[in-house]
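Using the sequences provided together with the hints, build the complete structure.
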Amino acid sequence: MAINPRAIKTTGYLLEAEGLSVGFGATNIIENLDIQLKRSEILGVVGPSGTGKSVLMRALIGLLPRRAGTIRYFGRDIDKLSLSARRKVERRWGVLFQHGALFSSLTVRENVQVPMREHMKISQSLMDELAELTISMVGLAPNASAKLPSELSGGMIKRAALARALALNPDILFLDEPTSGLDPVGAAEFDELITSLKETLGLSVFMVTHDLGSLYRACTRIAVLGGKKVMVEGELDEILAFDDPWVQSYFHGHRAQTAQIQQAEQNKVHV
Amino acid sequence: MVADVINNGYRMETGDAGLRFKPFGSWIIRNLSEVERALGDFKMPENRLPVVIDLSDIEKIDVAGAWLIHRSAKKFAAANHPITFESVGRGARILLHEVAESDRPAEIPPPKPSTAATLVTDTGKSVISSVGDVRRLVELIGSMAMIGVNMVRRPATLRFTPILYHLEQTGVRAIPIVALICFVIGAIIAQQSIYQLRDFGAEQMAVNFIGIVVLRELGVLLTAIMVAGRSGSAFTAEVGAMKMREEIDAVRTLALDPIEVIIVPRLTALVIAVPLLTFIGDMSAMTAAAIVSFFYGGVPIDLFIERLRDQVELLNFTRGIIKAPFMAIVIGLVAVIEGLQVEGSTDSLGRRTTSSVVKSIFLVIVIDGLFVLYYAMVDG
Ligand SMILES: Nc1ncnc2c1ncn2[C@@H]1O[C@H](COP(=O)(O)OP(=O)(O)O)[C@@H](O)[C@H]1O
Ligand SMILES: [Mg+2]
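As given, the protein sequences belong to chains A and B, one line each in that order. According to our numbering, the first sequence is numbered sequentially starting from 1. According to our numbering, the second sequence is numbered sequentially starting from 1001.
Take the hints with a grain of salt, since some may be wrong.
Unchecked claim - Simulated coverage check for chain A against chain B, where a stretch passes if three residues somewhere in it have a Cβ under 8 angstroms from a Cβ of chain B:
{"no.": "1", "segment": "49-61"}
{"no.": "2", "segment": "141-154"}
{"no.": "3", "segment": "199-212"}
Don't read these hints as lab results, they were simulated from the structure. No residue lacks a Cβ here, since even glycine has one placed at the ideal position from N, Cα and C.
Here is the structure:
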């Protein structure tokens, strides 16, 4: 965001991971992997099921221990930060888990206020206003605020969880399969929402996805995971040209053609 | 607040043409409490002069800061000040636009009623809910009876594998703790009764007392309470979690009866396990009593056994253990009813589990009391 150049030291990357290895038991799920997230991009991470996309994301946000590698956020090695500095860095990212992970005993409004209450000393009325603002920004109806997660539909849960992830106005948004479980229309709307929030709020987005539609609609750059590493990364056309059986069948298979047709039709409608 | 140096706040300038509202510093989420405090002493000027909202001194702004500026602008507008913006950067313009788009009145929930009022309403609610409990109990017993009839006609509907599984969980695995508790209690009762009877030189008489108390009342009561705590809570949590994750609905949509699939195996296992556990508990307590009598009361083991056989009628044992299946049914039913009432949230799961244990222990004691009354009437 032009007016909010929060300091980035040394490099232009918000997030850089180098030589990352994560595993369970005897095997490494990912090994010696490098990945970067640039400012104001939506990075789509794809790959066959079970290649370790979720594992990679969980390792990046510190939920899984690393066996090797360094991770730098905003140019600073997180291993070298003090605990309080680490907490400050953590506050600058928001995470949307695959199933939302809303607190089931709290209403949507209270869920959104949990991080605010923990990290900010502001009045309850301002917290209410900001929560309502965020809930409205993610496109939930006013009557959703007072509902419990069990009273929401799948798409609403995703949006409510997104509102909670945005509560502290993060710089980086991590999304794990945000459109899984949504119908194609709902998925397209969610992608649009992410794109527009990225524009207005100046977010950078790390999106693990299965959804070809999201790759076409939302992502500005794509990294394909395979063989415990990033097999190829780049913009869509570079990926499309990459010579690998999985990539070719994924992007040129039947599902891919459907997604392209859908995208083409949408473009027509918009024109 | 006067002594504070405000780095992120606002200035109000009054000129000839009108007022100038000049936020300065970084109006971002990290500084929000400071900005809110600064805005706290804001007083709306008592005139209708035009106001210029001048963002030239803003260093950084994010969506939270934009909200506060938007809110201030709304206040000026509400007090009939014409407003104009000045020196709004590109990012700030986007944010202000977004915030204005998303601004809408919140639906604020009604205030919480006072404690006294909630006390009254809660009491009322719990009365109503116990009426509901009775209704659910009757319903459940009804469907269980149907299933029971079915089972007698078609024994194949009994699911042996789950019954064996629950028998292991609720029965076999409970043996050590039930035996231990009954052993300790048996020893304590033996010691206390021998101590009281010693003055009369009637240590052997303790056997009669211990035998009757343990076999008739304590063995089955302790076992049932242990089972309520162990298995009752587990059943409620299992059924509740299945309810939360729509597994019970799934069972129903697969054209299966949840009562048959989920409830009957658990109840059957309990009805088999509790009497057996009671027997083990009885034996364990009597063993402890014999050991204590020998070392503390000087009663030889063979004398203890002889007195037990001659003086304590078998009736005491049967009257004790006959209660076990009833208690098992109550524990199982309460656990399942509570589990089925779990709603979406995790704390409702916790509440239901607590109330399952409390209710079933209470009912177990009530049942024991009813049996005492009944025997008193029968024996006249
Ligand atoms: N907690 C865990 N313990 C052991 N293995 C795990 C664990 N989490 C994930 N894995 C394994 O790591 C691999 C990658 O999983 P995941 O990252 O979830 O795949 P995906 O790319 O589909 O998100 C899988 O083979 C999975 O079995
Ligand atoms: Mg995954």
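Hint check results:
no., hint, in the structure
1, 49-61, "violated (count 0)"
2, 141-154, "holds (count 8)"
3, 199-212, "holds (count 4)"
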